[in-house]
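**Q** Listed below are the residues making up each chain.
Number of protein chains: 2
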Amino acid sequence: MTRTAFFISDGTGITAETLGRSLLAQFEKVEIRMITKPYIDSTDKAQALVEIITATAARDGEQPIIIDTIVDVAIRKVITRAPGFKIDIFSTFLAPLEEELATHSTYTVGRTHSIGRDDVYMNRIDSVHFALDNDDGARTHQYDKADIILVGVSRCGKTPTSLYLALQFGIRAANYPFTEDDLDDDGTLKLPRALAPYRHKLFGLTIDARRLSAIRNERRPNSRYCSLDQCLQEIQQAEALYRQMHIPYIDTTRFSIEEISTRMIAEAGLQRRFSPR
Amino acid sequence: MTRTAFFISDGTGITAETLGRSLLAQFEKVEIRMITKPYIDSTDKAQALVEIITATAARDGEQPIIIDTIVDVAIRKVITRAPGFKIDIFSTFLAPLEEELATHSTYTVGRTHSIGRDDVYMNRIDSVHFALDNDDGARTHQYDKADIILVGVSRCGKTPTSLYLALQFGIRAANYPFTEDDLDDDGTLKLPRALAPYRHKLFGLTIDARRLSAIRNERRPNSRYCSLDQCLQEIQQAEALYRQMHIPYIDTTRFSIEEISTRMIAEAGLQRRFSPR
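First to last, the protein sequences are chains A and B.
Under this note's numbering, the first sequence has 235 at position 240, and the numbering climbs by one with no breaks.
Under this note's numbering, the second sequence has 36 at position 41, and the numbering climbs by one with no breaks.
Among these hints, one or two may not hold up.
Taking lysine to aspartate or glutamate and the EDC-like style, the derived pairs with C-alpha atoms no more than 20 Å apart in a straight line are [claimed, not checked]:
#1 A:40 with B:262
#2 A:40 with A:95
#3 A:24 with B:94
#4 A:24 with B:95
#5 B:40 with A:95
#6 A:24 with B:93
#7 B:24 with A:93
#8 B:81 with B:26
#9 A:81 with B:94
#10 A:81 with A:55
#11 A:72 with A:36
#12 B:140 with A:95
#13 A:81 with A:57
#14 B:81 with B:55
#15 B:40 with B:83
#16 A:81 with B:83
#17 B:196 with B:131
#18 B:81 with A:94
#19 A:140 with B:83
#20 B:81 with A:95
#21 B:81 with A:93
#22 A:81 with B:26
#23 B:24 with A:95
#24 B:196 with B:234
#25 B:81 with B:46
#26 B:24 with A:94
#27 A:81 with B:95
#28 B:24 with B:57
#29 A:40 with A:67
#30 B:81 with A:83
Rough simulated footprint, nothing fancy, chain B against chain A, three-plus residues with beta-carbon under 8 Å [to be verified]:
#31 18 to 31
#32 149 to 163
#33 179 to 185
Please keep in mind that the hints were generated in silico from the structure rather than gathered at the bench.
Note that the structure is predicted; figures quoted are calculated from it, not measured.
C-beta atoms are modelled at their ideal positions from N, C-alpha and C, and glycine is treated no differently.
Could you put together the complete structure from these sequences and hints?
**A** In structure tokens:
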């Protein structure tokens, strides 16, 4: 039996969806179809949504789960007409918070950081461009401005992590891929010269060799680059360097980009220049 | 008077922080210092945090606000010893959900999409690399594979929006900047040839001219590129093209990257290939 969950918001829907997915992730055995409905910002849109929810309830044979962060009272009232098990996040928590803070909430649609907000936006965008300019070892002369420098073998997750750190937290992350050029005559990986002055900023990534091989195979099928032997060897060399140089590192096989990024911030004690919302 | 809010989690802290910031954004008049404490995954870490919270309460002269998504009962018990106004998200909503779904929750730390999860990760990463490969008009021969093509003048927000769409939703977004090369002999902007077959995939960005001028000035100070006249002219040409060609567009001056992205998804009816968490 499949249930349906609606995450409803008059804004982006990010808060309703984030909370909804976290809560429903606790019910692994129940199959739940999740639908996000952002920008329900008029009673007309709300009424149209009530009809969708009603039809869904009839089809499922079970009432949908409705998780909402609607702020406007009139719109919210329309939504309450829908058949469903309702989790109303704001009304649950805002009243007690109003009492605690001894003030009324403005209870408006959550304002987010618009591009119009100079300081916050600039930090975010500068960090994105920093990550792009310093991606994949493209430049090494800006490492003094980096908050963190991700290192690791090709395709272990450096680029998406750098971009996530920039977009979500305004952190300036450069990344440098180890290649054969960084190998010593005896085949051991040495700390590349460009990185040596910034050892304290380095954070290593590693990955399961089979997984890496599969990822590389998508890009260059049946190449030496994607062979399991090659992947194993590169990863062993990288991990040996991390241990020798006391570079902290994370195995990306087991973690999402969100987890890798937030763990790095915690472990390296990075300062965020931007916070979503 | 400044209050302090702690967002506490045994995982990334994203859910606690997202909800916490949304709730507290409703109290504009209260100055609130917000601190996220992720990975509180042992009673020792929890005890250390209780001491921080206790010291904060003494310093502020007011109890902190504590918003948590701790799952482990023993850890949660330690946190309850901290002085504070507590919003316990999971315990508030999980019990009623258990009843509604007629099953017990697994009540475990929210598993996110690890890089080890093939399908989900691949879509996410492919989309990030698609955005990078097709950034800034670098390539135009992959537009058939794009879910959406963002167009607009230089520095109006195309690149960060493309990357956000990729990272958060697995959407393949290319972007194309209008330049002087796209102007007709009479000075009007025409639809660039590379874009013509993909008119239905185009989404325009526009921005306030003063704002654009300030952003460009950071990059190339005192250039023609950043002059208000030049910015005004480029924006007028772009908006005229949007109207003439019926290309939907968004003014990025007023919106965050989250808002721009989620509005595009809603308006263009894009299918997400990835959902965070």
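**Q** Could you run down the list of hints and mark each one as holding or not?
**A** Status of each hint after checking the structure:
no. : hint             : result
1   : A:40 with B:262  : holds (13 Å)
2   : A:40 with A:95   : violated (34 Å)
3   : A:24 with B:94   : holds (14 Å)
4   : A:24 with B:95   : holds (14 Å)
5   : B:40 with A:95   : violated (27 Å)
6   : A:24 with B:93   : holds (12 Å)
7   : B:24 with A:93   : holds (12 Å)
8   : B:81 with B:26   : holds (18 Å)
9   : A:81 with B:94   : holds (13 Å)
10  : A:81 with A:55   : holds (16 Å)
11  : A:72 with A:36   : holds (12 Å)
12  : B:140 with A:95  : violated (52 Å)
13  : A:81 with A:57   : holds (13 Å)
14  : B:81 with B:55   : holds (16 Å)
15  : B:40 with B:83   : holds (18 Å)
16  : A:81 with B:83   : holds (18 Å)
17  : B:196 with B:131 : holds (16 Å)
18  : B:81 with A:94   : holds (13 Å)
19  : A:140 with B:83  : violated (39 Å)
20  : B:81 with A:95   : holds (10 Å)
21  : B:81 with A:93   : holds (13 Å)
22  : A:81 with B:26   : violated (31 Å)
23  : B:24 with A:95   : holds (14 Å)
24  : B:196 with B:234 : holds (17 Å)
25  : B:81 with B:46   : holds (16 Å)
26  : B:24 with A:94   : holds (14 Å)
27  : A:81 with B:95   : holds (10 Å)
28  : B:24 with B:57   : holds (16 Å)
29  : A:40 with A:67   : holds (13 Å)
30  : B:81 with A:83   : holds (18 Å)
31  : 18 to 31         : holds (count 9)
32  : 149 to 163       : holds (count 6)
33  : 179 to 185       : violated (count 0)
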